[in-house]
Amino acid sequence: MTMREKIEEAAARYPDRRSAIMPALLIAQEEHGHLPGPVLEEVAEILGVERIWVFELATFYTLFHTEPVGRFHLQLCDNVSCMLCGSEDLLKHLETTLGIGKGETTADGLFTLSTVECLGACEMAPVMQVGDDYHGNLDVARLDALLQGLRVAAGRVTSVEHASAPAPGE
Amino acid sequence: MSEPVLLRNVDAADGHLLSTYEADGGYQALRKALGEHTPDEVIDLVKQSNLRGRGGAGFPTGMKWSFVPKGTDRPKYLCCNADEGEPGTFKDRIIMERDPHQLIEGLAVSAYAIGAETAYVYVRGEYVTAIRRLQQAIAEAHAKGYLGRGVLGSDFNFSVHIHCGAGAYICGEETAMLESLEGKRAQPRLKPPFPAVAGLYASPTVINNVETLACVPHIVTRGPAWFRGIGPDKSPGPKLYCVSGQVRKPGLYELPMGILLRELIEDHAGGPLPGRRIKAVIPGGVSAPVIPESGLDVGMDFDSLAAAGSMLGSAGVIVIDDTACMVKVATRIIEFFHHESCGKCTPCREGLNWAVKVLRRIEAGEGAPGDLEQLDRLCKGIFGNTFCALGDGAAMGLRAALKHFRDEFVAHIEARRCPYH
Chain A
1054 MTMREKIEEA
1064 AARYPDRRSA
1074 IMPALLIAQE
1084 EHGHLPGPVL
1094 EEVAEILGVE
1104 RIWVFELATF
1114 YTLFHTEPVG
1124 RFHLQLCDNV
1134 SCMLCGSEDL
1144 LKHLETTLGI
1154 GKGETTADGL
1164 FTLSTVECLG
1174 ACEMAPVMQV
1184 GDDYHGNLDV
1194 ARLDALLQGL
1204 RVAAGRVTSV
1214 EHASAPAPGE
Chain B
49 MSEPVLLRNV
59 DAADGHLLST
69 YEADGGYQAL
79 RKALGEHTPD
89 EVIDLVKQSN
99 LRGRGGAGFP
109 TGMKWSFVPK
119 GTDRPKYLCC
129 NADEGEPGTF
139 KDRIIMERDP
149 HQLIEGLAVS
159 AYAIGAETAY
169 VYVRGEYVTA
179 IRRLQQAIAE
189 AHAKGYLGRG
199 VLGSDFNFSV
209 HIHCGAGAYI
219 CGEETAMLES
229 LEGKRAQPRL
239 KPPFPAVAGL
249 YASPTVINNV
259 ETLACVPHIV
269 TRGPAWFRGI
279 GPDKSPGPKL
289 YCVSGQVRKP
299 GLYELPMGIL
309 LRELIEDHAG
319 GPLPGRRIKA
329 VIPGGVSAPV
339 IPESGLDVGM
349 DFDSLAAAGS
359 MLGSAGVIVI
369 DDTACMVKVA
379 TRIIEFFHHE
389 SCGKCTPCRE
399 GLNWAVKVLR
409 RIEAGEGAPG
419 DLEQLDRLCK
429 GIFGNTFCAL
439 GDGAAMGLRA
449 ALKHFRDEFV
459 AHIEARRCPY
469 H
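Residue numbers (the working numbering), protein chains in the order written: chain A, 1054 to 1223; chain B, 49 to 469.
Take these hints with a grain of salt, some might be off.
List of simulated lysine to any residue pairs, SDA-like, C-alpha gap at most 25 Å [said to hold, decoys possible]:
| hint | chain 1 | residue 1 | chain 2 | residue 2 |
| --- | --- | --- | --- | --- |
| 1 | A | K1145 | B | K232 |
| 2 | B | K232 | A | R1070 |
| 3 | A | K1155 | A | E1120 |
Calculated directly from the structure, the hints in this document are not laboratory data.
So that you can see chain B by itself, here it is in the shape it has in the complex (with noise of 0.2 Å):
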């Protein structure tokens, strides 16, 4: 795959404008899609493609789709997840900054295989650039009519409104952004009712990651066929892995889903920085568990990584070299989780403080025989006990810290200080 297909706009000059975008053969999906396919076919195609949300979770996008119940005379909602939040993770950024009608055609598809007439875009308030952006492919597109009412001639009617986040992590848990979208704060609901039934408005919704949605209209192009044929068959397609930290060259890289960590890390993000050896890597941004050196040969797709002990997650690649203290990555990441928690489940609200807390004093090297014992018991007392995934992410990573480093944790303890510093 040397031919980048989602990032094969972002690096020209103009790779927002429609122009840009119409003359690679942009919007020729939606063409198809309405003009070949009945909805159901490119639900249907999605299926077989074995498309997988790039949000975190990597459930079958085709099946989700294929949730919403039919005849139903409720008003249906695509909503588009660009809340991106997971520290280490900025593919969506740079798609709707540089490329934003790739994923204006992918929701134009998306709604029209759901039966949906509107769709929320839920950006994160930070991202002005992203927001103004999309504002203004939004207009070109209305323009143009592949958005508005009877979507190129056909009897399709589908607008896209942009809602700007205000700075929660939580609203990327999907139901939480439902409630945001509501106008109340962004606390997760119980499921079931899953959104497909019962999301927006008590409405039936679809909830995709930006990324998820920007591979649909290559799907409908290309077919699923091709889509399959790029990294494992069962978890496959085109990827952005996001690469930051202490690496030579971090950046945005487009892959084939499945490629070694080691692979992604030496060939192609410059490997570490002069003098320096890796120690440890967080393969899909904090909430997956971080993963040594010496496990580095692992692919990069949901089934590998779940296998390996860690996950895909957001593929927000995050290099940590040996001049890094893994406690303080450890406690900045879980101060982290607990500034972000809603506060809905007390697991997760007191847990974490209590994890931070105790956290600290072993980085301030106050910390005391018996500390490490409490966070295991911490992590298995928020593990599996709140209403979404954002307690569930913080366990897993402070438990595969404690796995993985526990030298260091004990080092600090005995030493009564930090060791680098």
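With the rest of the complex left out, here is chain A (with noise of 0.2 Å):
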């Protein structure tokens, strides 16, 4: 399905086309990595709503990205169960590790390294979220061996023995 076809099924499920406007987002994000302004203009045009609906959403939302995000998107929650759990010492981790602050991207364009709020996870803190896929009880080890494979999964190595070399800023 073209991403026309998907917003239009989305907007099928409501009596109002702007209650599209967040499928909408969503389906186009999902498309184009993240919403630059002619993305958004495009999702107006398409649901045939005003822009200034679609930009008050893209700019509301935390799950929306006005601006490119990596490959692989490092959410690590640091609400107090993760705090609790040792989320603070992670987050150092990553920085030395990745030599990124939060907020920032990996000069390959690999990952960015977010924190974020409660995941709903709590069961299984600290927990980090990379695209879909929840990663809990984690700590340091864990930590590199997760960033390890996404490193292989990338093909920016080989082998998981390549991906265990230094990583920039170590």
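Two chains, two separate frames, one set of hints: put the complex together.
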């Protein structure tokens, strides 16, 4: 299905096309990776709604990205339960290992690092969301293994052995 | 209550499939409701059960349903609040991921009772697995005639749609959720009118939490007396408790409403970590005022916790031990509320911004005499002066930390450093 068809399918669920802006933005973000101005205008055009209605949602909800994000968006929860279980040390480790701070993307475009509010998975605190997946009960060793796995998945390294070489910034 | 009710399928490998749900008597409540009861009789069953909303406010569910006007020409809507964002809470995610049909049956029975033909389930966007499982379950239920036109051969038509949230805690507030469903920024509405009269698209609308709806089929099949026989009469039923933080066995526990908080933590969740002592517990998500260790012999139900100066909220139980700094915990909580304030009401938007600045400097060892009195004034300025409960929750939480752990705040200011670092 094209993006337009997917958005029309979503719009059919509501009596008012304005309601379909949020689902349309999620569809557009899936398609384009992020939501720059022209994409927002296209969503407004497809739904036949005011552009300001689309822009105001894209800038209100935190899951919408108006700026590009890396291939893997590391979203570390730092709310109370995760903080009590060690998320601060994990953040420091990520910042050192990746050589970036919160809200930044590595030069190779592979990783964007964010802290997020409660992910609703406190039984496995500390927890981090990467793409669609939750990774829980993290410690530094598990975090390193996860990063290595992501680098392998991205084809940046060919095996786990290569991936364990010191990353930039170490 | 040894046998779990709400969690009976969650450990099954195929708990999310219709076949698992049906094998255990699933959808019999819907069959019974449609075949043996009028919609008003279903409302009466829920009223008699004394079921109270599991989202946080504890409003009687049957009473909420009875506010929906009869004989209106406007469509009626049922909305399920699955925007589980209260820090420390993960019960609804587990129901949706591992037993989604329990929610769908609850939706169908509830929609029949209030006369709605359409339901929207507002699921937070981060819950990708839950959303996929719900979508699969809706398709399965449609194929078997539990949803769609003429449900199970009756004249009841019912469809369920999923609406994905996009990362805004405020959408858990019911009128903000309605704004969001209408495609607007999620900013709460002034009440009245209440949603039951003029909610989604200005039509009569009932908004219920996932766990609340999951209780409904069991009330229909087992009867209101069974439900009222579990826990305190005014606040009964099986209850899901989310235990997290500095505790040996964090997890989701189904136990009777009203169980002692100490019993929940010590006997079920394994107690404190080795060599540690519990200092405090947040009993109902971070909106619920913190309880010091000396207050743990309190019943986990709406009325007992309110009497103890806290609240059951979403039953997100966060255990804090003697290695944690309460100033830091309070700072993180107020940072959260500041981040999630929708910006509509000045006391919440500006007051929390101010409180965060004061708390951060106290935690950094740069606090000044008068800072605690300033925080007291800010709480007073926020509480009761906002459209919705976000500001109230923040103010109540901070007030409780200042009341029970004032010595820790004073120690930070006097020593000009955090004693825990």
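Query - Restraint check for A:K1145 with B:K232, where alpha carbons must lie at most 25 Å apart - result: Violated, because 37 Å separates the two Cα atoms, which is more than 25 Å.
Requested in this report: Would you check the hint for A:K1155 and A:E1120, treating anything up to 25 Å between C-alpha atoms as holding?
Outcome: holds, 15 Å
Requested in this report: Please work out if B:K232 and A:R1070 have their alpha carbons no farther apart than 25 Å.
Outcome: holds, 12 Å
Taken one by one, the earlier hints fail for this structure only at number 1.
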